[in-house]
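Here's the letter readout for the chains.
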Amino acid sequence: MARPAAAYHAHVSVTDGDTWPRARVQIQVVLYHSERWLSQLVAGLRHLTPVDGGFTVAFWDNHPGTGSGAVPEVVADAAFTSVWLPSSRGNIGFGAAHNALAARAGPGCEYLLLLNPDAVPQYDCLERLVAAAELNTTAALIEAAQFPIEHPKAYDPATLETNWCSAACLLVRRAAFEELGGFDEALFLYCEDVDLGWRSWLSGWRCIYVPSARCLHVTEDQDLAKDRSAELLHSAVGHLRLRRKYFGEEAAVEYREELRQHLAPSAVEEILALFDGLPPTTVDRRQDPHIVLQPEGIYAATRW
Amino acid sequence: MPPPAGKYDFAVDPGNRNTTYGLICDRVPRGAAVLDIGCASGNLALALERHRGCRVLGIDIDPDAVTVARSQGIDAVVADLTVQPVLEVVAGRRFDVIIMADVLEHLVDPAGVLAPLAALLTPEGRVLCSFPNITHIDIQLMLAQDQWRTRPAGILDQTHLRFFSAASFSEMAFACGYDVTAIERVILPALGTEVLDYGKGLRLGTAEVAALEAVARQGNANREVYQYVVELHPAPERHRPSPGLDHAHPTPRDASNPQIAGLLDVVVRTTEGRLRYLKDALYSLVGLTYPAVRAIVCVDNSSSAYAEAVRELAVHFQGLLDLVVTEVPPHHEQRGRPLNWGLDQAHGEYISFLDDDDVYYPSFGDRLVGRLREHPEATVAYGIGQVVRGDSTEWGFRTVSHDRRYAEPFDRAGLFLENYIPFNTLVVRRAAVVEAGIRFDESLPVYEDWAFLRELAARFEFEFVDAPISEYRLRTDGSNAASRGSAVEPWTTTLADIRHRYGAHTVRLSEGALAALAESYRDAEARHLAEAETSEARHRAEGDALRAEGDALRAEGDAHRAEGDALRAEIGALKAEIDALRGELVGTKTLIRVLLSSRSWRLTRPLRRLLRSGLPEKGPD
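Each protein sequence line maps, in turn, to chains A and B. So the numbering used here is basically just the index in the first sequence, starting at one, shifted up by 11. So the numbering used here is basically just the index in the second sequence, starting at one, shifted up by 92.
Just so you know, the hints here were simulated from the structure itself, not pulled from any lab data. Everything numeric in this text was worked out from a predicted model, so none of it was measured. We treat Cβ as the ideally placed atom computed from N, Cα and C, and that holds for glycine. Be aware that a few hints might be false.
Residues from chain B that keep clear of chain A, each with C-beta distances beyond 12 Å, as calculated [said to hold, decoys possible]:
hint : residue
1    : H143
2    : P514
3    : L659
Listed next, with one range per pair, are the computed distances between beta-carbon atoms [unchecked claim]:
hint : chain 1 : residue 1 : chain 2 : residue 2 : range
4    : B       : E425      : A       : Y43       : 18 to 28 Å
5    : B       : E510      : A       : L304      : 42 to 52 Å
6    : A       : T149      : B       : V407      : 47 to 57 Å
7    : A       : D287      : B       : A637      : 54 to 64 Å
8    : B       : D569      : A       : R297      : 37 to 47 Å
9    : A       : P61       : B       : D238      : 57 to 67 Å
10   : B       : D569      : A       : P118      : 45 to 55 Å
11   : A       : T292      : B       : E486      : 37 to 47 Å
12   : A       : V294      : B       : E510      : 36 to 46 Å
With the rest of the complex left out, here is chain A (with noise of 0.2 Å):
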């Protein structure tokens, strides 16, 4: 993919590829409106101690304007290497953007670590994750644990296993995320991270859950003042593609049968006009155990 260099800034001098910062582990991380978060995030990655290869911070803006001129001062400041792309093209989604910043990763690059801006890692949760991902070399995605308010995370205590991985604080093993061709970018926001890992399976590929290595995450269902419509429209969109891409077309009339029922008519009729704009892709399950659909399809935001 050709790439202007007018349309990202950098604090080390990129012009192209080859300058493009070179280490171990690329931490990634997709902004939207989260300059409150970023100077606990920066002072967090500080506190990182050091992997074998050495890591590098990579920050995507989707919402570049008003407010993140404060993103590269703050992050000019911090003690590691660290690019920032301001997005050309708008909000591109959350998996379009991660899969953007993995695209340009160095040539040395072995893991990713994508991170949400309202999360802190505690200081030895890289250190952590890349120990379990070196120890389980058919694992491509490593979760980390987060908390104080955690997923209700079902995982195999003795192999680990999970069915999917959330992507708020996920190492990846960069081979395999180039083999499944990343995020499936016709999901937006929401659901990517499902797919994900469901894929992971289907490949041959496992995914993990380290409840060692710990990540704050500021949840936002915390916050008072919080709009829900935008996580609901999203979450019900992907739950729709996720039915029908593993379980078929019946499967996603049902649930919007569902939505019929439970949402206002124009709640529905925004679902589904951005649900008909996608592709019709579907994926043989081959009734792999691992997927299994989430009732109310909000696979995130169902907490304890």
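With chain A held as given, fit chain B onto it using these hints.
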């Protein structure tokens, strides 16, 4: 004529709380019997006699000083306590207060002098010691510049033989059989002492700036303490409450800590071996969306190695969390001690408490402080505590399941019966607590939090926030309870004691609080009465309805019975009719047979034809 001033004759300014003598004077009860060891020319003794009506006996090693003291009217004797037993010197007298102001650092064996003093104290008696702080930042700056200079007076007085920090002094006091019940501080800011030669308008070199920054980064709250004033009480044999021993309330402290508006101070209590849990607790404070938070980590009853490990952990929070690490002086397993210690270090407008193995949720500060701001009349805001069960692992706590939630709306009377407010779910206005003199009861081995809450409830308004704001983490291996001794006994005896001690009659209730308590009882009674009346009326109505229904059913039954009787009668009549008909039929058949047996075919032929066409061949017999 004023007495000639000796080297250790300091002026006494009883109202000034940033001087050693001022702090000591404040801690001596009026009319107390006082022993002033190292009285010098008697300035402090004189101030105590004049301002607080005390009777003072002074002891000093310097005969000239004692002569001057006597000339001021002080009862003073010359003695060297390092060779002469103190019991002999005071000849059997007992004292409410024994003062050693800047004395112990001059002695070869300070513990040998300090330990026997306990025997001279009245039952409520205390020892007050002051000493210079060897960890003052000026000393650190001097050492950072590779220098060492003693001085005629001050922290590095040429005659000092011993050097103390708050912790090392407390360790010595502990070894001598005392509990440190209060520590006061005289503050002199960096470069403000006699240690360095800098004058005003000094321009610091880069080395000094670097050293200052290095010290500031350690987050050590003691670095500007010039002198400590420490209050000691002889440690009781066993630290469990008994009705006769009521030194339960440590001396209230005034609100002298300057207040920082909006700041939430979180007192984090941690103890040996729990670093792996503490890490989560501190990261959970990083996650608070409330903007002004400071953690005061009180390292309690732990080795210096553990304290060091906590400081190393704290380095990982630079830029993430305003954090102070402080060591609580050793004591005898009183759970209230580290909490009081933290309370005394606090400067925030708000204060909250967190144990090292629990965590706050991100909205903790916003929700609780927000509620206090909406309700100026309330002093305490608390929310829902989520109980979580999990495993203890080598790296920390692993969640297994979520359990019940502590979610009880405030009920003042209820709080006097049982504690339904977990201690990690609340925020308190600090000034209100300090002004009211509310402390943690250090004589309680457990339930110190409940006793504190009850004292708060006796005076202040509470606000309940109906949202989960923190997590109480229960480890499935039972190590929560085991960490403080697993016996059930202290819990049950303390429960009985706490009910006795803090029952509605003994708690110092203000009139307003009493009225509020009475009001809440009245409300509850009225509510119960109203509920009872409503339910009685409802039951009565229900009964009436049932009765009416029964009557209707009974009437219906009667009607059915009557109808049945009529039907039965009708059936009898029908049966009679049938019998009559049957008789008639038999007669007819007999007649037919008789006619058929006739020999006249004129008679029998039409009859047979008739029978073939319809009449039964055989009738009933």
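Item to check | Earlier hints that do not hold, by number | outcome: Violated: hints 4, 6, 9, 12.
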